[in-house]
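K.L.:
Residues per chain, in single letters:
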Amino acid sequence: MSLHFVEFELNGCQIDGMVEARRTLLDFLRCDVGCTGPHAGCEHGVCGACTVLVEGQAVRSCLMLAVQANGKTVETVEGLSGGPKELHPIQQLFREEFALQCGFCTPGFLMTLVALDRSEPRPNAAEMREALSGHLCRCTGYQGVLRVIDRLTEDRK
Amino acid sequence: MHLPLSEMYNEPDDRNVLDRMRQGVIGQPLDRPEGALKVSGQATYAAEWRIDGCVEGVLVLAEIAQGQVTAIDRDAALARDGVLAVIADPAMTRRSAQGMAAKAPQQDAAKVEYFGQPVALVVARTFEQARDAAVALRVDYADAAEPVPFDPHAPDVKVEAPSSSKPVEGGDLDQAMRDAAFSVDVEYDTPGHASAAMEPHATIAQWQGDSLILHGSYQMLAYNVKEIADCLGISPDKVRIIAPYVGGGFGSKLGITHEAVAAALAARELGRPVRVVMSRQQVFQTVMRRSETRQRVRLAADAGGRLIGLGHEALVSNLPGEKFAEPVTQATEFLYGGENRLLKVEVARISRLTAGSVRAPGEAVGMQVLEAAMDELAEKIGIDPIELRKRNLPATVPVQGTPYSSRMLTQALEQGAQAFGWSARQDRPCQTRDGDWWVGMGVASAARVNMMVPAQARVTLRADGSALVETDQTDIGTGSYAILGQIAGEMLGLPMARVDVKLGDSALPPGAGSGGSFGAISTGSAVLYACEEIRKRLAKILGCAAEELVLKDGTASHGDAAPRPLRDVLGGEDLTTTGKIKPGKTAKAFSQASYGAFFAEVGVHAFTGEVRVRRMTGVFGFGRVLNAKTARSQCLGGMVWGIGSALTEELAFDTRDGHLVNHDLAEYHVPVHADVPAIEVILLEERDAAASPLQAKGVGELGICGAAGAIANAVYNACGVRVRSFPLTLDKIVPSLPDPFAQTL
Numbered sequence: 001m002s003l004h005f006v007e008f009e010l011n012g013c014q015i016d017g018m019v020e021a022r023r024t025l026l027d028f029l030r031c032d033v034g035c036t037g038p039h040a041g042c043e044h045g046v047c048g049a050c051t052v053l054v055e056g057q058a059v060r061s062c063l064m065l066a067v068q069a070n071g072k073t074v075e076t077v078e079g080l081s082g083g084p085k086e087l088h089p090i091q092q093l094f095r096e097e098f099a100l101q102c103g104f105c106t107p108g109f110l111m112t113l114v115a116l117d118r119s120e121p122r123p124n125a126a127e128m129r130e131a132l133s134g135h136l137c138r139c140t141g142y143q144g145v146l147r148v149i150d151r152l153t154e155d156r157k
Numbered sequence: 001m002h003l004p005l006s007e008m009y010n011e012p013d014d015r016n017v018l019d020r021m022r023q024g025v026i027g028q029p030l031d032r033p034e035g036a037l038k039v040s041g042q043a044t045y046a047a048e049w050r051i052d053g054c055v056e057g058v059l060v061l062a063e064i065a066q067g068q069v070t071a072i073d074r075d076a077a078l079a080r081d082g083v084l085a086v087i088a089d090p091a092m093t094r095r096s097a098q099g100m101a102a103k104a105p106q107q108d109a110a111k112v113e114y115f116g117q118p119v120a121l122v123v124a125r126t127f128e129q130a131r132d133a134a135v136a137l138r139v140d141y142a143d144a145a146e147p148v149p150f151d152p153h154a155p156d157v158k159v160e161a162p163s164s165s166k167p168v169e170g171g172d173l174d175q176a177m178r179d180a181a182f183s184v185d186v187e188y189d190t191p192g193h194a195s196a197a198m199e200p201h202a203t204i205a206q207w208q209g210d211s212l213i214l215h216g217s218y219q220m221l222a223y224n225v226k227e228i229a230d231c232l233g234i235s236p237d238k239v240r241i242i243a244p245y246v247g248g249g250f251g252s253k254l255g256i257t258h259e260a261v262a263a264a265l266a267a268r269e270l271g272r273p274v275r276v277v278m279s280r281q282q283v284f285q286t287v288m289r290r291s292e293t294r295q296r297v298r299l300a301a302d303a304g305g306r307l308i309g310l311g312h313e314a315l316v317s318n319l320p321g322e323k324f325a326e327p328v329t330q331a332t333e334f335l336y337g338g339e340n341r342l343l344k345v346e347v348a349r350i351s352r353l354t355a356g357s358v359r360a361p362g363e364a365v366g367m368q369v370l371e372a373a374m375d376e377l378a379e380k381i382g383i384d385p386i387e388l389r390k391r392n393l394p395a396t397v398p399v400q401g402t403p404y405s406s407r408m409l410t411q412a413l414e415q416g417a418q419a420f421g422w423s424a425r426q427d428r429p430c431q432t433r434d435g436d437w438w439v440g441m442g443v444a445s446a447a448r449v450n451m452m453v454p455a456q457a458r459v460t461l462r463a464d465g466s467a468l469v470e471t472d473q474t475d476i477g478t479g480s481y482a483i484l485g486q487i488a489g490e491m492l493g494l495p496m497a498r499v500d501v502k503l504g505d506s507a508l509p510p511g512a513g514s515g516g517s518f519g520a521i522s523t524g525s526a527v528l529y530a531c532e533e534i535r536k537r538l539a540k541i542l543g544c545a546a547e548e549l550v551l552k553d554g555t556a557s558h559g560d561a562a563p564r565p566l567r568d569v570l571g572g573e574d575l576t577t578t579g580k581i582k583p584g585k586t587a588k589a590f591s592q593a594s595y596g597a598f599f600a601e602v603g604v605h606a607f608t609g610e611v612r613v614r615r616m617t618g619v620f621g622f623g624r625v626l627n628a629k630t631a632r633s634q635c636l637g638g639m640v641w642g643i644g645s646a647l648t649e650e651l652a653f654d655t656r657d658g659h660l661v662n663h664d665l666a667e668y669h670v671p672v673h674a675d676v677p678a679i680e681v682i683l684l685e686e687r688d689a690a691a692s693p694l695q696a697k698g699v700g701e702l703g704i705c706g707a708a709g710a711i712a713n714a715v716y717n718a719c720g721v722r723v724r725s726f727p728l729t730l731d732k733i734v735p736s737l738p739d740p741f742a743q744t745l
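Just so you know, the sequences run in chain order G and V. UniProt numbering puts the first sequence at residues 1 to 157. UniProt numbering puts the second sequence at residues 1 to 745.
It should be emphasised that the hints constitute simulated quantities derived from the structure, not laboratory data. Here a beta-carbon is modelled for each residue, glycine too, at the ideal position from N, C-alpha and C. Hints are not guaranteed to be accurate.
Here are the computed lysine-lysine pairs in the BS3-like style, where the Cα-Cα straight-line distance is at most 30 angstroms [to be verified]:
| no. | chain 1 | residue 1 | chain 2 | residue 2 |
| --- | --- | --- | --- | --- |
| 1 | V | LYS585 | G | LYS85 |
| 2 | V | LYS323 | V | LYS380 |
| 3 | G | LYS85 | V | LYS502 |
| 4 | G | LYS85 | V | LYS238 |
Beta-carbon label-pair distances, calculated as ranges [said to hold, decoys possible]:
| no. | chain 1 | residue 1 | chain 2 | residue 2 | range |
| --- | --- | --- | --- | --- | --- |
| 5 | V | GLN418 | G | GLU96 | 43 to 49 angstroms |
| 6 | V | ASP179 | G | ARG151 | 58 to 64 angstroms |
| 7 | V | PRO147 | G | CYS13 | 45 to 51 angstroms |
| 8 | G | GLY71 | V | ASP731 | 45 to 51 angstroms |
| 9 | G | ARG151 | V | ASP574 | 27 to 33 angstroms |
| 10 | V | ASN16 | G | GLU96 | 43 to 49 angstroms |
A few chain V positions that, by computed beta-carbon distances, are all more than 12 angstroms from chain G [stated by the list, open to error]:
| no. | residue |
| --- | --- |
| 11 | ALA197 |
| 12 | ARG294 |
| 13 | LEU549 |
| 14 | ARG632 |
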């Protein structure tokens, strides 16, 4: 199968590669780029673990082909902060509120929340909850995630 | 004088060592130490290791349910772009290993026993090439000569007594039912469940000479090493499994399964690393299911509401010859009185994927049904369901006479009632209406057996005054990193920043593994013992008795002596020791279980029958709380599993060809947060010395054990419809709903 040239901005850095048209953005990020923060939980857009931002919008990277990202701006969980020692405020809230256990679904929740947090007008708590109802977590029972939303929206008042 | 370092746990250790320490970290709601890695995308899960030269394998699943593979068109597959190998080796597994099997599961994948069983592995340079060739691979089959039924209730199904458990019989249950002032004789169905851990199974296999290294996603590495080795016919000391971060397990990763063995075989054949990641659909179809159950519960009570008879019989299913049978009546054995009893599980031999452990095997489905039946009895007697439960707590385990190590059930019911506002519950159904919704409340007891399994952990107090805990114990999201560090920190007087915990590598001393809620108490006890030994050595250096030694904030002191930094005391030496524990006489001498109570308020839509949980309270007593945050999160997660099994989760098998119809997360409905209202969790502090030297019991599964019963009871209290088939979907409720225009009945 023929290869296509693809280049885009990933977490502030310009990257490129040759990719088959059938490769998903998720697999391209994980396998070709080595950016393994986005996780493959269902591979058909149901669980949300693979969520990344494309042009600032939360996108399920398992439902998007790598070639479709050509020329765009892509952000993954790795780009939110300088690493485990300097966390983004929402990452910090996830830690503090124990919004994660096994951590596999976590990057997806984070990316959707970050997109909401940046959007104007700012969504309220109910709208944030609605947006996060498309993310599955099998460990935590969601209560920590909901507290993160509460604190995020409190902080804005 | 009790000998604390005896390997066998033969008598309760009531010294409560942890309570005499000074650091003050045990029990605290501390953050998980690996949390920062996880929120920044830096925790490395099984499929994510960068290994040079790694190629990709995709499993090929059978398109028949029962028969024999007669031919595989390798040549056509190998002619496709990028394809390197088609593996159809007799060593490939056709079933998954059960938890703690420590030996190979059924091999020879050419014999097809259920629809979707793996029969081959295609390996190619890229994942897409392998998937493409796997889909196109032509496999020929011969039908099975003597197929078994797909349906556990088929007339020709073979039903056997399981080898794994014996019936409990006492007195004369039939006579008790005849003598009873009040009785219930009901049949309930529960469907099959999937663990649906968020991380699909994945393995990267690489050989170094005759040694195998697996990066995998497994719960019990010491057992998994033996399982893999047995599959491949090599010595266990030639196998190393690395799994520092596991994306959930819930039983599905207790034993090794297809992708690990296939990857190892392919890597050996090709002489290069091979990665096999299962698709979500493959995980659903091939790994492990919780058996569906049909349960008959008989409750016989005297005029005072005391049980004189108790029957709990269940039909479960599994593949022919498979030893595991969902232990449905496990908690029924010890929970309530009723000397006249019959508790029995039978297993139907059918063609569906392996049935095995899914979170809280036994209690998860047994308790929800028992607790729903208890609600039916309370209504017949006309007493409060909490009162019925309190009246029926025996002094010792019926029939066996075993004493209870500790039992916080009454406290849980009473505290929960207070916190939840149980007094506002209406005794009769259809008394509360909120707009178009009937509103009701339900209660259920929680119970889950406590188990200890053999475990080891190595602790090093390093010359610089920091500590390292090492064991192959996994952390599948449960909090092992946190609590093992806290135990060491408490015992050695170190703040958490000076304790490192290294887990999930089979080269380290074998911990308990994550399963059966036993990881924390078993491996934690091994850490405790190792730390006690280090304390002894420190005391010797300081010339005092171990009991006099005070360790706090990285210093050591005794008596009136001024605290000295550990670094000075150690004089450049590391102190290392391995703690070991095994279950001993306490396991049989006491009935050990964690207890609790669930309270649920639900709304049932008066026109559509839709059920929404409005709020829940769970109260749990499980010995010492090692970390209030991790424990609470485990309870919350369990209760949400309870919501799933009450309302949405159900494996649907086609009874014509045995295929699993809803084999993905779009069709198998795991609750999302919109299904989960405000949940309150209350943790009761207790000490259970019979359970472990930590005085702690298991908590990982307790939150699910009975939760669905509370929801079903609340549905009845709301609308007067008693559904005896889980999940309580609206189609089962709507035909029996009362007049929706009546505001109360």
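K.L.:
Going back to the hint list, which numbers does this structure go against?
P.N.:
The structure breaks hints 1, 2, 4, 5, 7, 9, 10, 11, 14; every other hint is satisfied.
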